[in-house]
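For chain A, the structure is supplied; the task is to place chains B and C on it using the hints.
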Amino acid sequence: MLFNTNIRLTLPVVCFVWQIAMIILFGVFIRYDEESDAHWVETKAHDNITSDIENDFYFRYPSFQDVHVMIFVGFGFLMTFLKRYSFGAVGFNFLIASFGLQWALLMQGWFHSLDPQTGKIFIGIESLINADFCVAGCLIAYGAVLGKVSPVQLLVMTLFGVTLFAVEEYIILNLLHARDAGGSMVIHTFGGYYGLSISRVLYRPNLHQSKRMQGSVYHSDTFAMIGTLFLWMFWPSFNSAITDHGDGQHRAVINTYLGLASTVLTTVAISSLSQKTGKLDMVHIQNSTLAGGVALGTAAEFMISPYGALIVGFFCGIISTMGYIFISPFLEKTLKIQDTCGIHNLHAMPGVIGGIVGAITAAAASESVYGKQGLINTFDFTGDFKDRTVLTQGGYQAAGMCVSIVFGVVGGAIVGSILKLPIWGDPADQNCFDDEVYWELPDEEEEHQGSIPPILEYNNHMIHKQQDL
Amino acid sequence: MLFNTNIRLTLPVVCFVWQIAMIILFGVFIRYDEESDAHWVETKAHDNITSDIENDFYFRYPSFQDVHVMIFVGFGFLMTFLKRYSFGAVGFNFLIASFGLQWALLMQGWFHSLDPQTGKIFIGIESLINADFCVAGCLIAYGAVLGKVSPVQLLVMTLFGVTLFAVEEYIILNLLHARDAGGSMVIHTFGGYYGLSISRVLYRPNLHQSKRMQGSVYHSDTFAMIGTLFLWMFWPSFNSAITDHGDGQHRAVINTYLGLASTVLTTVAISSLSQKTGKLDMVHIQNSTLAGGVALGTAAEFMISPYGALIVGFFCGIISTMGYIFISPFLEKTLKIQDTCGIHNLHAMPGVIGGIVGAITAAAASESVYGKQGLINTFDFTGDFKDRTVLTQGGYQAAGMCVSIVFGVVGGAIVGSILKLPIWGDPADQNCFDDEVYWELPDEEEEHQGSIPPILEYNNHMIHKQQDL
Amino acid sequence: MLFNTNIRLTLPVVCFVWQIAMIILFGVFIRYDEESDAHWVETKAHDNITSDIENDFYFRYPSFQDVHVMIFVGFGFLMTFLKRYSFGAVGFNFLIASFGLQWALLMQGWFHSLDPQTGKIFIGIESLINADFCVAGCLIAYGAVLGKVSPVQLLVMTLFGVTLFAVEEYIILNLLHARDAGGSMVIHTFGGYYGLSISRVLYRPNLHQSKRMQGSVYHSDTFAMIGTLFLWMFWPSFNSAITDHGDGQHRAVINTYLGLASTVLTTVAISSLSQKTGKLDMVHIQNSTLAGGVALGTAAEFMISPYGALIVGFFCGIISTMGYIFISPFLEKTLKIQDTCGIHNLHAMPGVIGGIVGAITAAAASESVYGKQGLINTFDFTGDFKDRTVLTQGGYQAAGMCVSIVFGVVGGAIVGSILKLPIWGDPADQNCFDDEVYWELPDEEEEHQGSIPPILEYNNHMIHKQQDL
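Residue numbers (the UniProt record's numbering), protein chains in the order written: chain A, 1 to 469; chain B, 1 to 469; chain C, 1 to 469.
If we strip away everything but chain A, and leave its shape as in the complex, we get (with noise of 0.2 Å):
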């Protein structure tokens, strides 16, 4: 075989030197926020504050944790649902999520709040929220070549695609001036993109080879279910997380809550009615329940009415699962993308849905419904950008939704490519969806004993024993 799977080498210099940079560029760099460091309390003197509560900390640490939880237990064990991929599913989601969010502070830092006097950088709890966001991005892209590539490779994966986060998010949030609170366009889309992109380049034409690997067991389900659960029970902070303090955050987790729930009715509608007897599909009710959520990122902190969010998560729920039942196989056999979670109908498709909705929901928002100030604060209309119209920020809304297509798609055929190089210790397309390549197993052998009839286990045992003699 060409594949050669052995990553001691790779694996350990890789997590090393990397973490060694990270080290150096936070020393050189990152510095805490003035409501973090031990200055704060003259911070307060000198600012009239006259509370601790009124540190930022107070306002974002609950729905900062809820973030975390979905970044690693949410995401990581979403992709459990392998019956033989448990501990690449979570492990390396932990792994690169852990090195993505150090990167993340520096490139989104380098790029939204460089400090021009001192050339620092001053991180507090929103910083640590953005981090986590731009990990979201490339664990979402993890999903589309989920038990196809090794460690290394998802390192670099992420190296690039936090680099490419940072510079479309600047380019959306900062240059086109975009809301996109809860990332539909700048996590969703580009994440799911970037991630088909890659899976693109890496076709893998005899991946039928490991199929006894690619379904499900029954408790692999069960676990995946806990991700699931997490992700949907913790998306309204998602959404909500860096809104507006006050009516912002409040609008935005209402939004989120009630276009989830439409989602699962309608995700089960169209499951019970894909199967024969109208059975339900743990791959729908697992994915395309989250559906709503994603396409809430960007409208969600508008104000698009409990109504409206209900309408988004009624049609998301839709699309989303028929897109596992007709597009995914299309995307495969015609497009020869292979999507192991089917990020596509998750991701990239509700995030899709979520940009053009937030476009449409900023071109039709009024006065009479935000209040003057309340469209000012809503869309940030202050600066350069005080005398913008809604229907202008529509148009760059919509205009913010195609950068993070085409950073996605150009992104990861770029990296993809580099991806290709024979050299990152990935699997034989019959090893794809095994830990066995990347981890120590457990010996099984044990665990049926449970199943031997007692006889049978009483001379095993006995067996033992005398090994143990």
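No lab work stands behind these hints, which were simulated from the structure alone.
One copy or two, either will do: identical chains are not told apart, so a pair holds if it fits within one copy or between any two.
Simulated pairs of lysine-lysine, DSSO-like, Cα-Cα distance not exceeding 30 Å:
| # | residue 1 | residue 2 |
| --- | --- | --- |
| 1 | LYS276 | LYS420 |
| 2 | LYS372 | LYS120 |
| 3 | LYS211 | LYS276 |
| 4 | LYS276 | LYS336 |
| 5 | LYS336 | LYS211 |
| 6 | LYS211 | LYS333 |
| 7 | LYS386 | LYS120 |
In this text the structure is predicted, and so the values were computed from the model without any measurement.
Chains B and C only, in chain A's frame:
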């Protein structure tokens, strides 16, 4: 057989029609409240609110998210204990909660917060918590019929359950002006008897035909502990989520935290006593350890005092565990109530105890313990109720408990009769507790390869390879 | 055999008697503090507190709930890695934590907050956090003896563990006035050596007789990752839960978040280096990834700076993973310490490192970095300690670490001797790590039906049906 479990028509129709109805009704009735509306900036100025942190969102959002976890992961995974009904447990729980919370926002809105001038319901974070609470009542009821009904029946059960809930809640909290922040009466007693009553009507004399499916396996019991622990840990949030700001929430947390700790010890004691050589029974640990939280649902916000909370937990652990040992078999044999999860022991009985504890604690309240204003705040002795004495309050609390029982029993009987119609696709007696009926299950053949001796496994792989050729 | 594992008498007696003792002692000593008492409305007026949001509850409740999850789900599931000890891991963890937190409220209350005038202990949210912290010390110790002791022994271990904890904590925090917000010394070092010392005394020379039970299986390793991830994600809350309002909590979160991320990369690197072809070992990923959080338990609230936190995490990942590879086998062979979960590598060593890092960081603190008032606030240089220099503080930090080691080692030796008495129902050497001894296990026969070919399964069902007749 008479049983037709094909739900390919009914389930999608119910999901679609009801979800569309939700969208229409939300469009007509539901709006953001002033704390989640973009006009909040004007409200702040008008009401002299100096900081966004005064938005109710920041008082309740962390508790809301904990409650949300209890509803979806807590209740969902608690019911995964059956060896082959984990998909149904988690999946149907997910479905009915998602529908129920939408319907609850409407029903509770109409009864509690319909604005007479605009004809609208204004929702905020507290509405979401109350919707989750309302759903909890229906999920409790699901525990009694777990594995014996179709998802369509569950949706019907939830539709009526939420409706009944909103009415009994209105009577208990508004008309009787009883206090029940954590819902000992409103949620647990009602939900418990509602489920038991339905289960009685749906009695299956030949349920023993699926006896082989009614037990747990090692891993399913471990999954269920995820549900138990998230319920147990977050119960302080449940009982404090809608109590008064400040000391009200603070005290409810302390009491629930202590009561639950006490319950664990007595549950273990009774469980150990009940088995030969003192072995523990997972059923007790999974369920009875939670009884203290149920029983403090009413009194947690009162000055029951820390040792009072411990006493409540102490007795609930004993009673609930004894319920599993003695009362459940009795109920099944004599009253023909088949209670899959033992909700009588976990919710109905502890709920009634909670109602009684609440009534006594209220009747015993005094100005010396609460302070003059503290007493008024805790029992909301304002407006029409400003002259009510604590003794009267105790009486109304007791009356409230009776209302919840009556609504549960009578409502359950009626809804049970509806569910008995042979149109809902429920499973045959020999197919109960089996995910096979409503779920596409993964092919398990491969899972056990691990247990095959290496040589056989090698051959097995060879076979696969030949198939691939 | 000499081993009698019948605990039908001892376990219920201990649970009942101790719980009743708790109720009596709580009745005598424990009261609500002024922020959780119904008199809060008067306190507010008296202290000119303008808003309920100033109640400490809102500063600490989100962190408290995260810590609570770490105690019950984090520690509980981390220990489920053994193939057949998941019930004991999660269940006994649940039991001893529930007892321990009650006893901790009393012990910590007597030492830290007994009101001299009233003779009462007034508890609030910070007390609950501290009780959870105290319990953490005992759960760490449980890791060393996992699978080798009875639940009665665990309760005894917890009783003494909490007692010792409260004393050493009093010496370290109050007398020495060391800072240790996340408990590198007070919790991890103490807990680690306490457990190791007990394990040494309870040394079982023939433990290899239960070697067949000492490994993991695929699903048990996946369950353990639930514990790992909840510990990892919520560790920032652990280290910040009781730090100063405002910048103190904010900074502790940032430092811990970064330190833990860094640990993951070096853990993966060393794990990969240690295995043929660079495969990863789940034991390392489950445990060593957490070492950075332990080691930042003291310094997280200091101005260690972001890159400082990364450096600490960097080395802890290396040292902890190397501990699993080299030191644990050495400890077992040479020092006869059988450390089931490797707490020496996860808690004891990183705890000591954390103490040293804390001492150095404290000694190196300066007014230019902290600001004049910031330095006073961070190190609490007020009252009797207002003239203490940072150098002196560093010395006292180091002294504190020694106290925690001494208490752990000596306390563990004494408690171990008590636990060696042949009255506690501990398992025989060949029955260690087996839930069978203390739990009613489900009959597994049915679980594997899925693997039986359809025809056989059909017969099998027939057999059941005949049995039913």
